[in-house]
Amino acid sequence: MTMNRTVETDFPETFIEEIKKSQEAFGERIDANPTNVEKGMAKLVLTLVELIRKLLEKQAMRRVEGGSLTDEEIERIGETLMKLENKMEELKEVFGLKDEELNLNLGPLGDLM
Amino acid sequence: MKIYIYGIVDSNDGIDESVYGLKGAGVYNIPYRDIGVVASDLNGQIGDITQDSAVDHERVVEKLMINCAVLPVKFRTVFASREDILSMMKDYYSDFKDNLDRLRDKVEFGVKIVWPGEAIRERMVIACNKGDANVDRLADSPAKSFLMNAFKNYKIGKEFEQKADRCVTVVDHLFSRVAVEKRLEKLRTDNLLLNAVYLVDKNKQNDFKKAFEHTRSVHRGFKYLFSGPWPPYNFVSLPRKSHPLKDCGSVNVFTEALQHEGMPRGDAI
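Chains as they are written, first to last, in our numbering: chain A, 431 to 543; chain B, 150 to 418.
Since the hints were made in silico from the structure, they are not lab data.
Be aware that one or more of the hints could be misleading.
[As the list claims (entries may be wrong)] Straight-line Cα separation of at most 20 Å, SDA-like style, residue types lysine to any residue; simulated pairs:
#	chain 1	residue 1	chain 2	residue 2
1	B	LYS293	A	LYS450
2	A	LYS484	B	GLY306
3	A	LYS450	B	THR338
4	B	LYS301	A	VAL494
5	A	LYS517	B	ALA292
[Said to hold, decoys possible] Residues of chain A clear of chain B, computed beta-carbon distances all greater than 10 Å:
#	residue
6	GLU448
7	ILE449
8	VAL467
9	MET471
10	LEU478
11	VAL479
12	LEU485
13	ARG506
14	GLY508
15	MET512
16	GLU515
17	MET518
18	GLU520
19	PHE525
20	LEU527
21	LYS528
[Stated by the list, open to error] One-sided excerpt, in silico: chain A residues whose CB lies under 8 Å from chain B:
#	residue
22	VAL437
23	GLU487
24	GLU502
Small disclaimer: the values here were computed from a predicted structure and weren't measured.
C-beta atoms are modelled at their ideal positions from N, C-alpha and C, and glycine is treated no differently.
Let the sequences and hints guide you as you build the complete structure.
Encoded structure:
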């Protein structure tokens with residue numbers, strides 16, 4: 431190399447481990463081909479459903495934080511979120527998908543979630 | 150025959166014959182008006198990603214940087230023909246010129262910082278569980294209990310991010326005073342507090358290194374990885390809607406190929 435470059439750290443193993451972890455967490459491309467098209471599509475659809483579920487959950491958390499929910503509303507929202515999460519768990523199991531697989535890499539924009 | 154490209158330079162002159170590219174291929178300049186695309190011929194397939202090929206690409210870019218302003222192109226960018234390259238140059242000439250002016254005499258430095266994020270989060274969980282004992286008792290149904298639990302996690306996540314923000318602000322402070330631009334990525338993992346790249350004037354490289362040494366000596370609780378100078382891969386900025394290389398078969402693998410980097414994904418061409 432022509433530039434006078436340094437790559438300097440006292441903890442190379444720590445950084446190798448964290449970089450590996452961060453790459454694993456990176457959303458992969460949808461891998462759809464004739465043999466796994468069902469799983470590829472399921473991954474795409476469930477990723478979007480998971481995004482919507484997380485947005486709903488975040489909105490609910492803000493309302494809980496704001497203290498504006500009645501007892502009945504807490505019960506109803508809790509039940510909805512619980513059922514949504516259970517349904518997602520079932521679907522992930524059916525299609526053999528793990529939590530970390532439900533993400534999309536949007537290139538320079540980063541990950542979807 | 151396909152054409153492999155390394156970068157766009159602010160020169161339409163020929164390239165020094167001693168510069169060799171991928172698989173030892175001769176490197177030449179494809180001029181367009183007052184700028185050019187540095188390329189080499191590619192016989193057959195580009196082949197597997199190897200450390201050698203990544204280093205070959207990088208070496209060409211760095212040699213170009215000695216005498217030119219360079220917009221480094223992603224590793225493994227291939228065009229089908231010279232006409233395709235000239236067509237791209239025609240369409241994006243003014244964008245390339247703007248970037249060449251902006252990045253002239255600039256280099257990139259990478260800074261990664263690890264903090265004990267997992268331990269910090271664990272302590273927050275313990276503190277939150279203690280503080281919310283009464284709330285747990287109020288959750289008199291599975292649905293309420295689920296919501297309260299989700300709320301606890303939400304609060305912990307928020308507190309964790311706020312703490313990370315404060316730490317990033319503190320460590321970024323000195324770097325930002327020297328750098329002209331930066332790209333910060335926070336908490337890629339719980340422990341990887343900061344993955345940053347900074348654009349620095351070539352004549353301020355020593356100042357940036359000193360800022361790093363100072364930061365490291367003051368904030369001893371973190372683990373640091375410092376790298377550079379690099380060609381400014383992460384600071385090329387082009388209109389997103391009409392990216393010139395979106396259909397040419399380029400593969401965004403430069404960072405993966407250079408195992409030590411893993412920088413934030415910027416707008417590198």
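To see whether the hints hold, each was checked on the structure:
Proximity of B:LYS293 to A:LYS450 is assessed by CA-CA distance (about 38 Å); at most 20 Å being required, the pair is judged violated. Taking the CA atoms of A:LYS484 and B:GLY306, the gap is near 13 Å; set against the 20 Å cutoff, the hint holds. For the given pair, A:LYS450 sits about 10 Å from B:THR338 by alpha-carbon distance, which is consistent with the 20 Å threshold. Pair hint B:LYS301 plus A:VAL494 holds up; C-alpha atoms about 11 Å apart against a cutoff of 20 Å.
Between A:LYS517 and B:ALA292 the CA atoms are separated by roughly 15 Å; this keeps the pair inside 20 Å, and the hint holds. Against the 10 Å criterion, A:GLU448 falls within the reach of chain B, whose nearest CB is about 5 Å from its own CB. Non-interface status of A:ILE449 relative to chain B is broken: a Cβ of that chain comes within 10 Å, the nearest being about 4 Å off. No beta-carbon of chain B is positioned within 10 Å of the beta-carbon of A:VAL467; the least distance is around 23 Å.
Here A:MET471 stays apart from chain B, with its beta-carbon at least about 24 Å from theirs, past the 10 Å limit. Residue-level check passed: A:LEU478 sits 20 Å from the nearest beta carbon of chain B, beyond 10 Å. Even its closest Cβ contact with chain B, about 17 Å, leaves A:VAL479 beyond 10 Å, as expected for a residue assigned away from the interface. Residue-level check passed: A:LEU485 sits 13 Å from the nearest beta carbon of chain B, beyond 10 Å.
Once the 10 Å rule is applied to beta carbons, A:ARG506 is inconsistent with being away from chain B; the minimum gap is 8 Å. Distance to chain B contradicts A:GLY508 as a non-interface residue, since its nearest Cβ pair spans about 3 Å, not more than 10 Å. With 10 Å as the threshold on Cβ separation, the claim that A:MET512 sits away from chain B is violated: the shortest Cβ distance comes to roughly 4 Å. Not every beta carbon of chain B lies more than 10 Å from that of A:GLU515, the smallest distance being close to 8 Å; the non-interface claim is violated.
Every beta carbon of chain B lies more than 10 Å from that of A:MET518, the smallest distance being close to 13 Å; the non-interface claim holds. The beta carbon of A:GLU520 sits about 16 Å from the closest Cβ of chain B, which is more than 10 Å, so the claim that it is off the interface holds. A:PHE525, annotated as away from the interface, keeps every beta carbon of chain B farther than 10 Å; the closest lies near 24 Å. With a minimum CB-CB distance of about 21 Å to chain B, A:LEU527 clears the 10 Å threshold, and the non-interface call stands.
The Cβ of A:LYS528 sits about 16 Å from the closest Cβ of chain B, beyond the 10 Å cut-off, so the non-interface label holds. For the restraint placing A:VAL437 at the interface with chain B, the shortest Cβ-Cβ distance is roughly 4 Å, inside the 8 Å limit, so the hint holds. Because the closest C-beta pair between A:GLU487 and chain B is about 6 Å apart, less than 8 Å, the hint holds. Nearest Cβ of chain B to the Cβ of A:GLU502: about 11 Å, over the 8 Å cut. The hint is violated.
Hint compliance for this structure: hints 1, 6, 7, 13, 14, 15, 16, 24 are broken, all remaining hints hold.
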